[in-house]
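Listed in order, the protein sequences are those of chains A and B. At position 176 of the first sequence (counting the first as 1) the number is 176 in the numbering used here, and the numbers step up by one without a gap. At position 120 of the second sequence (counting the first as 1) the number is 120 in the numbering used here, and the numbers step up by one without a gap.
No lab work stands behind these hints, which were simulated from the structure alone. Hints are supplied without guarantee of correctness; some may be wrong.
[What the hints assert, rightly or not] Just so you have them, the derived chain B footprint on chain A, three or more residues with Cβ under 8 Å:
#	stretch
1	15 to 23
2	217 to 224
3	240 to 252
Yeah, the Cβ is synthetic: ideal placement off N, Cα and C, and Gly gets one too.
Each chain, written out:
There are 2 protein chains.
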Amino acid sequence: MENFIFRNPTKLIFGKGMIARLSKEIPEGRKIMVTFGGGSVKKNGVYDQVVEALRGRDYIEFWGIEPNPKVETLRKAIEICRREGVDFLLSVGGGSVLDGTKLIAAAVRYDGDAWDLVLDNSRIGEILPFGDVMTLPATASEMNRNAVISSIETKEKFGMKVDYPRFSILDPQTTFTLPVYQRAAGMADTFIHVMEQYMTVAGQSPLMDRWSEGILQTLVEIAPKVLESENDYDSMANYMMCATMGLNGFIAMGVTEDWATHQIGHELTAIHGLTHGHTLAIVFPGLLKVLREQKKGKILQYGERVWGITGGTEDERIDRTIDATEKFFRSLGLQTRLHEVGIGEDTILEIERRFNERGVAFGEGANVTGTVARKILEAVR
Amino acid sequence: MENFIFRNPTKLIFGKGMIARLSKEIPEGRKIMVTFGGGSVKKNGVYDQVVEALRGRDYIEFWGIEPNPKVETLRKAIEICRREGVDFLLSVGGGSVLDGTKLIAAAVRYDGDAWDLVLDNSRIGEILPFGDVMTLPATASEMNRNAVISSIETKEKFGMKVDYPRFSILDPQTTFTLPVYQRAAGMADTFIHVMEQYMTVAGQSPLMDRWSEGILQTLVEIAPKVLESENDYDSMANYMMCATMGLNGFIAMGVTEDWATHQIGHELTAIHGLTHGHTLAIVFPGLLKVLREQKKGKILQYGERVWGITGGTEDERIDRTIDATEKFFRSLGLQTRLHEVGIGEDTILEIERRFNERGVAFGEGANVTGTVARKILEAVR
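This is chain A alone, in the form it adopts within the complex (with noise of 0.2 Å):
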């Protein structure tokens, strides 16, 4: 096992009707932002649920944190919260949301363009308290530091790291209307976290490596439920829970990281815009076969305890592992190959050239070079 140094400070409020628990997490006295998506909080109640829970306190709203979060529409909110003096943030809605809240928290005191910070971590300073309601499980943004931000100017995504929410409520109720396409993709993203931490060196963490499969068995068990009904609350909340608990460092203790197929990812989101799960969905299969030989130890104990694959030699269950890992994306409703999706040569092309470009090399083994993305994504293609 690794060293390592753990601490995970949020307070996790979770359950039916606990949005009514908002005003008390939130210290007297503070002018508030309270930063929304695009407006489906209106459809789904959660909106009046905030209002409500707000009531007498001194708050400002900020509409439009869209998917993929832009730094061209985070620096207007810096720009207000600057102006009427808000102290605390409070985010409304889903990890999006909650990411670009993240670095308007870290923007508003710093005195410098928003974007430095998303590349240049080090440069933050004093960061605004904030909070969130969290409605879309997916990021696990409500128990971590992440966030990551899109430029639409330069066409480009990265992750940096932030500060912990103070608090993060989640009740399951509020995900009720989301589409289906937004619990596959985000069932999607929970599973490749959980891999990002657990695909990797064999035998550094028993504990670790069971309680990452544990993620993974139980998503596979209740994604049937989660596409098909649509109030099942403890199948939502199950759901939440892996969301949450795939990336709040809980299961990352002593143990070796890849995220290899989030950059590529990235790429792929920056480039056409396609939905952050989906896009790993695609990738994760293509870069188990490229590295089937580096990742060999951890690709044969995950098909064994996820899936059951016994029989065979150690090639076909391999084989067979990369296989199930594809049909679950299917089983969800996703397309796992990228001229599904309309992506051609052209995209792997100029993704190969931008990490070239970058010098980059990244994954467990800092192997992945412009060179080798390339050829994860032409094995998916």
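Given the structure of chain A, go ahead and fit chain B onto it with the hints provided.
For chain B alone, coordinates are given in the frame of chain A:
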């Protein structure tokens, strides 16, 4: 799934050589009391590492917090803290030293006797900040708010809630000198901590179930190596991880808890001084026997997933599962029957009397009365 609120702010600092970080974790300018047990830390080098890390800091030492820490001992430390103006506590040792330190932290600024706080946690006001170097994996006190305190005078032992450590440093190398009996009792303690949060209502949270089973599976897998090898770093690291994760709230989200085994076990320790983990290894199989109908769904799931027990009627599977559990404790070298540790019918009747006198009923269904406790103990006579 039940509604829940989860927050665990402890900073976990885990791995080889991490004691050297100690000074960095304690704010400058504090008057520190370092608390110890009976002196084993002087033999295994931990004391020297702590002294080295605290070089230049203002601290005093308090020695002699015993297993099942006694309020009579802790009162002395509380008095010294008041007299010397101590405002930070550092526990160096096992769960008992840390539990005792938590009571000291709660009592220094309390205007009355420390035992009041044990009997009525709501009287706790200002708590001194504290951290720890944890050398004996078992109680998870290093990552929870709990303390268990005994009184020589009244022959009583009660659990209480105080606060989370600011930080906990765990270096698996510090466990290499642990005697086999303490390792065995520590693993039994961890196993039952998990059971108290798992062996209740079936179907509440598939993810929490998987994570609980993951700890149990890992313990079963590593137990022979933990017992046999004196300095296998990874085995001891895995054991430490299981112990900490077994009672830090990570497997208790949205599920019903039990704690009847602990309630009964505490009485065996209070009356006979039997090591805590050992009492649990005796009581738990008895509890499963007596409450087999109530816990049927979970016993069957546990038997299948942890012990691979699938064939036969439900009753046969339950029998085999209880048997496998008892055999596991015996494989640790622990006796699992009361007569083997010299405890007879008089103690059973005394425990029944105590619970009846207190008018308490506990366990997941609040149906373990004095009489049920007697039946549980008689089942493992």
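Evaluation of the provided hints:
1. 15 to 23: Since three or more residues must qualify, the claim that chain B covers the stretch 15 to 23 of chain A holds, with 4 doing so at under 8 Å.
2. 217 to 224: n = 4 at 8 Å, threshold three: holds.
3. 240 to 252: With 4 residues in contact (Cβ-Cβ under 8 Å with chain B), the coverage given for the stretch 240 to 252 of chain A holds.
This entry satisfies every hint, going by the numbered hints stated previously.
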